[in-house]
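> Residues per chain are reported as follows:
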Amino acid sequence: MNCTALWRGYLGSWEIKQERLYLIEVKADFDDDNPTSLQDIFPGFSDRVFAHWYTGELRIPDGEQIQYQHMGFGSQYERDILIQIKQGVVESITIKDNMPSDSL
Amino acid sequence: MIYLSFYLSIGLLYCLGYLTYSYFFEQDDSASFDKKVISFFLGLIVGSFIWPFLVYTHLNSYFNSPFKPEAFVIKEEDLIEAMSVSEVENKEIIYDPLSAVLKVPFGHLNNKWEEFKVNNSPSTLWSFKSEYEDYSGIAVKEGYAKLEEDGAIKTFFIHQDYRKPTK
Numbered sequence: 373m374n375c376t377a378l379w380r381g382y383l384g385s386w387e388i389k390q391e392r393l394y395l396i397e398v399k400a401d402f403d404d405d406n407p408t409s410l411q412d413i414f415p416g417f418s419d420r421v422f423a424h425w426y427t428g429e430l431r432i433p434d435g436e437q438i439q440y441q442h443m444g445f446g447s448q449y450e451r452d453i454l455i456q457i458k459q460g461v462v463e464s465i466t467i468k469d470n471m472p473s474d475s476l
Numbered sequence: 007m008i009y010l011s012f013y014l015s016i017g018l019l020y021c022l023g024y025l026t027y028s029y030f031f032e033q034d035d036s037a038s039f040d041k042k043v044i045s046f047f048l049g050l051i052v053g054s055f056i057w058p059f060l061v062y063t064h065l066n067s068y069f070n071s072p073f074k075p076e077a078f079v080i081k082e083e084d085l086i087e088a089m090s091v092s093e094v095e096n097k098e099i100i101y102d103p104l105s106a107v108l109k110v111p112f113g114h115l116n117n118k119w120e121e122f123k124v125n126n127s128p129s130t131l132w133s134f135k136s137e138y139e140d141y142s143g144i145a146v147k148e149g150y151a152k153l154e155e156d157g158a159i160k161t162f163f164i165h166q167d168y169r170k171p172t173k
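Chains as they are written, first to last, in this note's numbering: chain P, 373 to 476; chain W, 7 to 173.
Simulated from the structure, these hints should not be mistaken for laboratory data.
Just so you know, these numbers come straight off a predicted model, no measurement behind them.
Check before you lean on any hint, since a few could be wrong.
[Stated by the list, open to error] Derived pair list, reagent style BS3-like, types lysine-lysine, alpha-carbon separation capped at 30 Å:
1) LYS147/W / LYS135/W
2) LYS389/P / LYS81/W
3) LYS81/W / LYS458/P
4) LYS41/W / LYS458/P
5) LYS458/P / LYS74/W
6) LYS74/W / LYS135/W
7) LYS123/W / LYS389/P
8) LYS81/W / LYS399/P
9) LYS170/W / LYS468/P
10) LYS81/W / LYS160/W
11) LYS160/W / LYS399/P
12) LYS170/W / LYS81/W
13) LYS109/W / LYS399/P
14) LYS458/P / LYS160/W
15) LYS123/W / LYS109/W
16) LYS458/P / LYS42/W
17) LYS458/P / LYS468/P
18) LYS123/W / LYS147/W
19) LYS109/W / LYS74/W
[As the list claims (entries may be wrong)] One-sided excerpt, in silico: chain P residues whose CB lies under 7 Å from chain W:
20) TYR394
21) GLU397
22) PHE422
23) HIS424
[Said to hold, decoys possible] Derived Cβ-Cβ restraints for the label pairs, each shown as a range:
24) VAL146/W / LEU378/P: 39 to 49 Å
25) SER385/P / LEU85/W: 31 to 41 Å
26) LEU378/P / GLY143/W: 16 to 26 Å
27) SER105/W / CYS375/P: 48 to 58 Å
28) LYS42/W / ASP405/P: 54 to 64 Å
29) HIS442/P / GLU83/W: 18 to 28 Å
30) PHE39/W / GLN439/P: 50 to 60 Å
31) ASP405/P / HIS64/W: 52 to 62 Å
32) THR466/P / LYS118/W: 26 to 36 Å
All C-beta atoms, glycine included, are put in the ideal place defined by N, C-alpha and C.
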C-alpha cells in the first residue's frame, strides 16, 4: 500500500469500546508485498490492541458536507464529534456544530 | 534642489550604516571580494533613492520577526517527580478489561522500556512533561528522564507523544 494518496502506507481501523480506544485492524504490506496483520505487529493480539499509547483528540465528521476543501481532512461537515482521549481512555465527547448561525 | 540633496544624504548615510553593519555582522563567506564591493556600492546608490522603503522593511522585520519553532528539550521545570525504577514500573502497568494488552509496565511499549533499562541502567528516574511550540502547534511529550550527576539529561523514555488540540 504505497501511493501519494496515503503517504503513511497503511490503513488502521479503530474501535471505541467500554470507553477505550482499540486498534482492530491494520491494512498494510510487508516489503515483499505480502499483507501484514495485527498479529504480525502485535504478536499475541489478533483481534484488538488497546491503544494506551495514544493521547489526543479524535475528530469524526458527521452530517452533510458544507464546505469542500481539496486537502486531506480539511473539508467541513455539519458537525464534528470530538473525542478527547488520554492514554487510550475516553475522557470526554463533545459535538461541535459547524453550521453558520444565520442558517438556523 | 536642496530638498533632493537632503533626501539623498539621509539615504546615503542610512545605507552606509546598514551596509557596513551587514558587512561586519552578517558576513556572507560565499561571495567573492569583487562581488562584495560591487554589491556595496550598488546598494549605496540604489538605497539612497529608495531608503524610506528600506527603513520600512527593516523596521517591519525587526518588530514582526518570523516565528521560530522550539526544539524538544527537557527543561528543569518539566521534571515532576523522582522515582525508583520499581515505582515507575508499578505506576505504569497497563490494565485493560478486554485483555488487549499484557499487564506489564508500559504495555505494548514494554520491549522498548526493557531496552531502555538495559542500555541505561537507571536507578532513579524523573517523570517529565515537556511542552514546546512548533509549526503545527503545541507538542507534548511525557516520559521518564535519567539525570546525570551534573544535572544534565541525556537519556529519556517517552511513552506519550501528542499535540494539544487547536481550538
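> Each of the hints needs a verdict: does it hold here or not?
Consistency of the hints with the structure:
1. LYS147/W / LYS135/W: holds (6 Å)
2. LYS389/P / LYS81/W: With a Cα-Cα distance of about 37 Å, the restraint between LYS389/P and LYS81/W is violated, given a limit of 30 Å.
3. LYS81/W / LYS458/P: Status holds; Cα separation ~23 Å.
4. LYS41/W / LYS458/P: Not satisfied, since the Cα-Cα distance of roughly 58 Å exceeds 30 Å.
5. LYS458/P / LYS74/W: Given pair LYS458/P, LYS74/W holds - Cα atoms ~29 Å apart, limit 30 Å.
6. LYS74/W / LYS135/W: holds (21 Å)
7. LYS123/W / LYS389/P: Violated: LYS123/W and LYS389/P sit about 33 Å apart, past 30 Å.
8. LYS81/W / LYS399/P: violated (39 Å)
9. LYS170/W / LYS468/P: Satisfied, since the Cα-Cα distance of roughly 17 Å is no more than 30 Å.
10. LYS81/W / LYS160/W: holds (12 Å)
11. LYS160/W / LYS399/P: violated (37 Å)
12. LYS170/W / LYS81/W: holds (19 Å)
13. LYS109/W / LYS399/P: holds (26 Å)
14. LYS458/P / LYS160/W: With Cα atoms ~27 Å apart, LYS458/P and LYS160/W stay inside 30 Å; holds.
15. LYS123/W / LYS109/W: holds (18 Å)
16. LYS458/P / LYS42/W: violated (57 Å)
17. LYS458/P / LYS468/P: Given pair LYS458/P, LYS468/P holds - Cα atoms ~20 Å apart, limit 30 Å.
18. LYS123/W / LYS147/W: Given that 30 Å is the threshold and the Cα spacing comes to 19 Å, the pair holds.
19. LYS109/W / LYS74/W: Given that 30 Å is the threshold and the Cα spacing comes to 42 Å, the pair is violated.
20. TYR394: holds (6 Å)
21. GLU397: violated (13 Å)
22. PHE422: Check passed: Cβ of PHE422/P comes within 4 Å of chain W, closer than 7 Å.
23. HIS424: holds (5 Å)
24. VAL146/W / LEU378/P: 39 to 49 Å: violated (27 Å)
25. SER385/P / LEU85/W: 31 to 41 Å: holds (38 Å)
26. LEU378/P / GLY143/W: 16 to 26 Å: Between LEU378/P and GLY143/W, where Cβ atoms are some 23 Å apart, the hint holds.
27. SER105/W / CYS375/P: 48 to 58 Å: Once the Cβ atoms are compared, 36 Å apart, the range 48 to 58 Å for CYS375/P and SER105/W is violated.
28. LYS42/W / ASP405/P: 54 to 64 Å: holds (56 Å)
29. HIS442/P / GLU83/W: 18 to 28 Å: Since HIS442/P and GLU83/W have Cβ atoms about 43 Å apart, the given range 18 to 28 Å is violated.
30. PHE39/W / GLN439/P: 50 to 60 Å: Once the Cβ atoms are compared, 57 Å apart, the range 50 to 60 Å for GLN439/P and PHE39/W holds.
31. ASP405/P / HIS64/W: 52 to 62 Å: holds (57 Å)
32. THR466/P / LYS118/W: 26 to 36 Å: Because 33 Å falls inside the window, the suggested range holds.
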